Amino acid sequence: MPNTRTILVSGSSRGLGKELAAQFQEHGFRVITMGNVTPGNVSIRCDLLDLSELEVELKKVFDIYGAIDILVCNAGTGKKPSNLMSDKGAREFFFEKNFETSKNLVIAALPYLKTPGASIVGVSSIVALAELPGVPDGYAESKVAMNKLFKNLAQQLAIKGIRVNLVSPGNIMFSGSRWEEITLENPKFVEELLRDKVPLHQFITPEEIATAIIYLSSAQAKNITGINLVIDGGQTL
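Per this note's numbering, the very first residue in the sequence shown carries number 6; after that it's consecutive.
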């Protein structure tokens, strides 16, 4: 039987978001993609930092698709632009890209979420839970702020019957990912990382993350809200 639920995935022009959107399509969801990267074939192209523009674009989506069942706040980055030399500049950059984008998307999408029954899932990171080498200044702090935001949203939106959860992946491998690049550049480093730092000795796949989001948004998880589901092969143990 076809899945009639509508899922909106931010940050799906490329990278993990694009992979997640493909996974959701395979599971039969009606997928609305969102991004601000050119080129990139997406349903909605807008700047998540521009709340007014975002509200206009989501109204168009609602008029076409109706209520949104699942909102996936995936937009964000852990890569610092080369022109940001100061720690302050990097912190502001990561805070905008990883916190403000999620906050704005939830605010703008609230009038169009199915009530009750909608699910909001944020894609965070294990950098908010443990000190990891090589993490740019400000990135972990931005994800900590995102986690706090989603915990607060879970409390505030429960009265509306909207559940809010997080998924925090570890090292994700897929074609074109940063970890694919690192593996090609320094396979010994990757081998040692998986052997010494990841108890289950393997990368995370987009399929695992998509499956977790689908579960957290399903009827089987109807009493789950405010959690942070960590998928990292035991790296943060």
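Calculated directly from the structure, the hints in this document are not laboratory data. This structure is a prediction, so every number in the text was calculated from the model and none was measured. Glycine is no exception: its CB is placed at the ideal position from the N, C-alpha and C atoms. Among the clues, some could well be false.
[Said to hold, decoys possible] Derived SDA-like pairs (lysine to any residue); straight-line CA-CA distance at most 20 Å: (1) K165 / K227; (2) K227 / A135; (3) K165 / T230; (4) K85 / D74; (5) K84 / A95; (6) K93 / D142; (7) K119 / D74; (8) K108 / S57; (9) K202 / A135; (10) K84 / S57.
[Unchecked claim] Per label pair, the in silico range of CB-to-CB distance: (11) D92 / I232: 27 to 33 Å; (12) T210 / K84: 28 to 34 Å; (13) D92 / E213: 32 to 38 Å; (14) E212 / G166: 25 to 31 Å; (15) N46 / F67: 31 to 37 Å; (16) E197 / Q161: 41 to 47 Å; (17) E60 / H206: 18 to 24 Å; (18) G71 / K93: 40 to 46 Å; (19) K64 / Q161: 45 to 51 Å; (20) G94 / R183: 19 to 25 Å; (21) L205 / P86: 29 to 35 Å.
Worksheet item: Taken at face value, is the distance from the CA of T230 to the CA of K165 at most 20 Å?
Response: holds (13 Å)
Worksheet entry | Outcome for the supplied range 29 to 35 Å, where the beta carbon pair is L205 and P86 | For L205 and P86 the Cβ distance comes to about 33 Å; the hint holds.
Discussion item. Against the 20 Å threshold, does the CA-CA distance of K119 and D74 hold or violate the hint?
Written reply: holds (5 Å)
Item to complete: Check the following: the C-beta atoms of G94 and R183 are separated by a distance inside 19 to 25 Å.
Response: At roughly 21 Å between Cβ atoms, R183 and G94 fall inside 19 to 25 Å, so the hint holds.
Discussion item. Given the hinted pair K84 and A95, is their Cα-Cα distance within 20 Å?
Written reply: The hint holds at about 10 Å.
Worksheet entry | K64 paired with Q161, Cβ distance criterion 45 to 51 Å | About 22 Å separates the Cβ atoms of K64 and Q161, which means 45 to 51 Å is violated.
Worksheet item: Is the distance from the Cβ of N46 to the Cβ of F67 consistent with 31 to 37 Å?
Response: violated (21 Å)
Worksheet item: Taking 32 to 38 Å as the hint, is the beta-carbon distance of D92 and E213 inside that range?
Response: holds (33 Å)
Practice prompt. With a cut-off of 20 Å on the C-alpha distance, tell me whether K93 and D142 pass.
Written response: Measuring from Cα to Cα gives roughly 9 Å; hence the hint holds.
Fill in: 20 Å limit on alpha-carbon distance, applied to hinted pair K108 and S57
holds (13 Å)
Worksheet item: Given the hint that K85 pairs with D74, does the C-alpha gap stay at or below 20 Å?
Response: violated (33 Å)
Worksheet item: Is it true that the CA of K165 sits at most 20 Å from the CA of K227?
Response: With Cα atoms ~13 Å apart, K165 and K227 stay inside 20 Å; holds.
Checked against the numbered hints above, the structure violates hints 2, 4, 10, 12, 15, 17, 19; every other hint is satisfied.
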